[in-house]
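Novice: For the record, the sequence lines run as chains A and B.
Okay, so the first sequence: first residue is 1 according to the numbering used here, each after it adds one.
Okay, so the second sequence: first residue is 1001 according to the numbering used here, each after it adds one.
It is worth saying that the hints were derived from the structure and are not from the lab.
What you are looking at is a predicted structure, and each value in this text was computed from that prediction instead of being measured.
Heads up, some of the hints might be wrong.
Derived EDC-like pairs: lysine to aspartate or glutamate, alpha-carbon spacing no greater than 20 angstroms straight-line [what the hints assert, rightly or not]: (1) A:K79 with A:E22; (2) B:K1070 with B:D1007; (3) B:K1026 with A:D85; (4) B:K1069 with B:E1005; (5) B:K1097 with A:D71; (6) B:K1097 with A:E59; (7) B:K1069 with B:D1083; (8) B:K1097 with B:E1055; (9) B:K1069 with B:E1053.
A partial selection of chain A residues facing chain B, derived with a Cβ cut-off under 10 angstroms [to be verified]: (10) W7; (11) L46; (12) R72; (13) F88; (14) L90; (15) V113.
If you want the ones that stay clear, here's a sample from chain A, every Cβ over 12 angstroms from chain B, calculated [to be verified]: (16) P8; (17) Q38; (18) E59.
Beta carbons: idealized from backbone N, C-alpha and C, even for Gly.
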Amino acid sequence: SQTIHQWPATLVQPVGSPLSLECTVEGTSNPNLYWYRQAAGRGLQLLFYSVGIGQISSEVPQNLSASRPQDRQFILSSKKLLLSDSGFYLCACLSNRGETEAFFGQGTRLTVV
Amino acid sequence: SQQGEEDPQALSIQEGENATMNCSYKTSINNLQWYRQNSGRGLVHLILIRSNEREKHSGRLRVTLDTSKKSSSLLITASRAADTASYFCATDASDYKLSFGAGTTVTVRA
Chain A
1 SQTIHQWPAT LVQPVGSPLS LECTVEGTSN PNLYWYRQAA GRGLQLLFYS
51 VGIGQISSEV PQNLSASRPQ DRQFILSSKK LLLSDSGFYL CACLSNRGET
101 EAFFGQGTRL TVV
Chain B
1001 SQQGEEDPQA LSIQEGENAT MNCSYKTSIN NLQWYRQNSG RGLVHLILIR
1051 SNEREKHSGR LRVTLDTSKK SSSLLITASR AADTASYFCA TDASDYKLSF
1101 GAGTTVTVRA
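Build the full structure now, drawing on both the sequences and the hints.
Specialist: See below:
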């Protein structure tokens, strides 16, 4: 089965600082990769997804960007964080073989102060 | 935008009782999945039901799917305190965009 490594687990950053969250995947190749944000007590908002290297689809306009420099690496970035960027960020992986379950990382809790 | 919407938002039951939650979605799907999230953690897959299936069982879980109504239900039988968590439905449409609902928070009282 697939394993998702996501770090860091928690992060406190000042407003205006840059952000880089990394997610790497083991146990599969050519997966679909996803970044979600979850506000406290709320559902998951899909931010970006990628079906291959260099291919990024953005779901909502925002202060964030994503990149996929390698097949099993997905990075979430920001040049200047806003207070509203605070939240719980989850990386997920879906095998590109069709109807399978998604595997999630353990999440990064980002607090912008 | 979110594809699935769970109902109710929160559910509190006594240990041993059954818990039922529903999910509605908007567009055609390949499959529908249910996930569980313990507080502050990632999501864990529970069960997947394909668009041509109507019911599926896994242990104490029973999932139904009604594609004509674009809805699904998750039943947890004989609930335990360890079932306390948030439960999400997710839909996988043809563009591989995995979309989640807002979730149902289940509290099982001992």
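Novice: Each of the hints needs a verdict: does it hold here or not?
Specialist: A quick look at each hint next to the structure:
1. A:K79 with A:E22: Satisfied, since the Cα-Cα distance of roughly 15 angstroms is no more than 20 angstroms.
2. B:K1070 with B:D1007: holds, 14 angstroms
3. B:K1026 with A:D85: Violated. K1026 of chain B to D85 of chain A sits at ~28 angstroms, over the 20 angstroms cutoff.
4. B:K1069 with B:E1005: holds, 13 angstroms
5. B:K1097 with A:D71: holds, 18 angstroms
6. B:K1097 with A:E59: holds, 10 angstroms
7. B:K1069 with B:D1083: violated, 28 angstroms
8. B:K1097 with B:E1055: Status violated; Cα separation ~23 angstroms.
9. B:K1069 with B:E1053: Given that 20 angstroms is the threshold and the Cα spacing comes to 14 angstroms, the pair holds.
10. W7: This hint is violated: W7 of chain A lies away from chain B, its Cβ roughly 13 angstroms from the closest one there, beyond 10 angstroms.
11. L46: Hint holds; L46 of chain A Cβ to chain B Cβ min 6 angstroms, cut 10 angstroms.
12. R72: violated, 16 angstroms
13. F88: holds, 7 angstroms
14. L90: Since the shortest Cβ distance to chain B is 6 angstroms, the answer is holds.
15. V113: violated, 19 angstroms
16. P8: holds, 14 angstroms
17. Q38: The assertion about Q38 of chain A is violated, with a minimum of 9 angstroms to chain B.
18. E59: violated, 8 angstroms
Checked against the numbered hints above, the structure violates hints 3, 7, 8, 10, 12, 15, 17 and 18; every other hint is satisfied.
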